[in-house]
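Enquirer: Put chain B on the given structure of chain A with help from the hints.
Chain by chain, the residues run as shown.
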Amino acid sequence: MPPPILARRHWNDQTAAHLLNRAGFGATPRERANWAALDIEDAVDKLLQPSPEAARTQAPAFFKAEHASSRRPDGMDRASFRKLPEEERRKRNMAFQRSQRQNLRVASIWWLERMRDSDFPLEEKLTLFWHGHFATSFQKVRAAYPMLLQNMSFREKGRGHWPDLIEAVAKDPAMLNYLDNARSNKKKPNENFARELMELFTLGEGHYSEDDIRNAARALTGWSMDADRWEFKERPFLHDQGNKRFFGESGRFDGRDIIDLIVKKERSDEYLVERLWSFFAGPHDLKRAINDLAPHFRKQGHSLQALLRAMFLHPSFYAAEQQRTQIKSPVMFCVNSIRLLEGKAPPTPRVLQACRALGQELYRPPSVKGWDGGSAWITGSTLALRYQSIEQLLKAPGVVNPEAILPDRKISRKEAREQLFDRFFASQLRPLEQQGIDQILAKMPPPSDWNALQVRNLLNHILQQPQYQLI
Amino acid sequence: MSPTLCTRRSFLKRGLIGGALATTLPAFLDRTLLRVDAAEAAMLTQRPHGKDAPILIVMQLAGGNDGLNSFIPLENDHYRRARPRLGLVEKTALNLEGNLGLHENLDGLKALYDDGLLSLVQGVGYPNPNRSHFRATEIWHSARPEADPGSNGWLGRYFDNQCQGMAPETGISLTNQPPQAFDGEGSMGITFRNPQKFDFDDDIDIMSGASINMPGPGRRVDLDDPLAFLERSHLDAVVSSDHLHDVLKKQAAPGGFPKNKLGNDLSLVARMIAGGMSTRVYYVSQGGYDTHANQVGSHARLMRELGDSLKSFWAEMKRQGNEERVCMLVFSEFGRRVSENSSGGTDHGAAAPAMVLGGGFKGGVHGSLPDLAPEKLFRGDLQHNLDFRQLYATVLREHMSVNPKGILEKDWKSLKI
Chain A
1 MPPPILARRH WNDQTAAHLL NRAGFGATPR ERANWAALDI EDAVDKLLQP SPEAARTQAP
61 AFFKAEHASS RRPDGMDRAS FRKLPEEERR KRNMAFQRSQ RQNLRVASIW WLERMRDSDF
121 PLEEKLTLFW HGHFATSFQK VRAAYPMLLQ NMSFREKGRG HWPDLIEAVA KDPAMLNYLD
181 NARSNKKKPN ENFARELMEL FTLGEGHYSE DDIRNAARAL TGWSMDADRW EFKERPFLHD
241 QGNKRFFGES GRFDGRDIID LIVKKERSDE YLVERLWSFF AGPHDLKRAI NDLAPHFRKQ
301 GHSLQALLRA MFLHPSFYAA EQQRTQIKSP VMFCVNSIRL LEGKAPPTPR VLQACRALGQ
361 ELYRPPSVKG WDGGSAWITG STLALRYQSI EQLLKAPGVV NPEAILPDRK ISRKEAREQL
421 FDRFFASQLR PLEQQGIDQI LAKMPPPSDW NALQVRNLLN HILQQPQYQL I
Chain B
1 MSPTLCTRRS FLKRGLIGGA LATTLPAFLD RTLLRVDAAE AAMLTQRPHG KDAPILIVMQ
61 LAGGNDGLNS FIPLENDHYR RARPRLGLVE KTALNLEGNL GLHENLDGLK ALYDDGLLSL
121 VQGVGYPNPN RSHFRATEIW HSARPEADPG SNGWLGRYFD NQCQGMAPET GISLTNQPPQ
181 AFDGEGSMGI TFRNPQKFDF DDDIDIMSGA SINMPGPGRR VDLDDPLAFL ERSHLDAVVS
241 SDHLHDVLKK QAAPGGFPKN KLGNDLSLVA RMIAGGMSTR VYYVSQGGYD THANQVGSHA
301 RLMRELGDSL KSFWAEMKRQ GNEERVCMLV FSEFGRRVSE NSSGGTDHGA AAPAMVLGGG
361 FKGGVHGSLP DLAPEKLFRG DLQHNLDFRQ LYATVLREHM SVNPKGILEK DWKSLKI
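Protein chains in written order, with the working numbering: chain A, 1 to 471; chain B, 1 to 417.
In short, the hints are calculated from the structure, not lab data.
No false leads were mixed into what you were given.
In silico DSS-like pairs for lysine-lysine, Cα to Cα no more than 25 Å straight-line:
1. A/LYS140 <-> B/LYS261
2. A/LYS91 <-> B/LYS259
3. A/LYS369 <-> B/LYS261
4. A/LYS140 <-> B/LYS259
5. B/LYS376 <-> A/LYS188
6. A/LYS299 <-> A/LYS46
7. B/LYS249 <-> B/LYS261
8. A/LYS395 <-> B/LYS197
9. A/LYS187 <-> B/LYS376
Note that the structure is a prediction, hence the values are computed from the model and not measured.
Excised from the complex, chain A in its bound form (with noise of 0.2 Å):
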């Protein structure tokens, strides 16, 4: 039996807003209203569906300059690097330090561009979720050109068939390099790779043994990179060609067969889906979530394009439950803030700092756990941060439309204010913040008199409330 789907009665302007919200970075009235008037299932394949657009969007520069050259300092090989003096070696390295932190940057500004601009905001949103699966971090790295091709592969593989993108995750530079299997050896292979494979990225805690992972890692030799091109690359004599047992069964095996061999338990199927569900949808109705698209993944041959469809098809993703209880990540704190505002040209450098001071750096996950998310995003120094952040951001040129955001201003205040909440919270709120909210419009002129000042200050009430942090 297919996965059951929300009925055609409960799509309609809210749930609509739930699903942008969800699936990418939230959605205007406008942009709502829209999507509310297709059919749900319409909607849901338009939402995967890649736009044209968002197709033809260039990689940054350097990464294309990079692409074709090789990657380290000067572009000199590793020996004639080691020949250099010391003190050259070390102002060299240095300078190269320095270029790859400003690549990041660059590379981080091109993705928020990407998350705010973007007609197909799935793949944005997706590409964040796979960055936190797979989590991969810049500070072990130390190079920009590796953290963006990873960017890339998520965005190429990322609906496509699951296997193949474990395949892709376990051959990637940056992950080659951070859990170090392009360091492992037959003599004596290195588990960190091995270990995550199975504890975060594929089964979970407790779903193997010990000598599992010590196959597995066995298994995983082999595969390592030219780490001056940051190109994956097979070395045989790296590899064990011995037998090996994994998961009861056993076989001279190796990376693939140790990925089919995981993906072959069921196991596999409801942890990856616990991890969509707990991203995308919340806490609220997992058991049902997990009995319901996990035996869909599997008969679907694990397309992950399959999976997400019945995901945001499934009744539960819309329960009453799941509306506004997401605590917002920085990220999505700070992009949704900036697509409802609506403004022309938004400073990304801005939005980029704020992210960093909310705790989440895109390319620099605190752990190979990614961002632990909800309650976790919250401490007393960056709620403060927030409060501030949107103080900031709404100060900032270039942020606000006010004319988009209020187009008609014949209006009394309390239609403003529900306008307003309308837009920011796609509900009304509790008596008392609308009390809060009424007595600072009273002390305001009327609506058609309001200034942009006005207007801002008002925002600035507005999404400082703690409902602000949910969507």
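Expert: For chain B alone, kept in the frame of chain A given last:
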């Protein structure tokens, strides 16, 4: 702890009553202050902590510290065989006592040992060790190796048992995320990275504070109700950031600390202690210990930071006259594999040494180094001979003067450290 009267009073005092929203007060108060129950009323008169109450600092060496290369077994053939490359640190080790050496960069720690401030406890672990960073960290934080993931934390249970009715800053963590150890039925402590950024704008505050729907006392605010969680976090943060800034205004930063993250964190802790924060438990973390590859240089740097920061911190405690009032527990979620790997690093292991620092303890080396003979290892790892919960019990009973049974579920005996 749930929002306490202390919290509520400061919050109201902070401007709500005189603020723009005075007219909304009756409805607001109805849900909060006027529903004070008897237990809370009693707290009005309690002064649960004095200026000289004991303080505990918990420090995690995050990532899994290589215990064998920090506290080095000297003249040990098994060690030398298992670590042909990494074992070279033995040559430059500082002699601690008997056949135990210290990494050469831990000279600061050696000074503390000579001063009687360091109790090193060997072979600490728990049954069925887990080699996952995340599960192992969870086990140390929850002190419940058998429980499901997501269990609350041992320090959270301490707050629940001992600190009901105290200010939110009873627990302060200088980390990016609230540590699981702080997770309690009521309490969650306060977490911030940088005190300068832990600040609320007054004008706006009156506004956003108005929407605070205070959860009832004693109820766990978890993500079944994310909005209540946010409002609680907001309220706790507003109140404690006030306290913190008052303290920091009066108290200058102590000098002489190394300029790195750990040095800065410990300097800030010392400053908060000197300034009289009512905090009972501080949590700090030093990351970077997951040394799977080329660990010689990176581990040496970590040892340098650790030893020097600890030395500065305890010099400052002495200067303040607080070296007995403060106790520091230093642990890592696991040690590392006895044999080095082929990438010049070490993989995840099991038992490892832990440290208790402070003037209230005897000092010295306690417990015994687990046998390094290959046949005595479990999956290539050291086997523990001392349960970490015994260490927690020791600190709770001997330093914090509480009965650990309610927090650790079993009457663990104190160590004679």
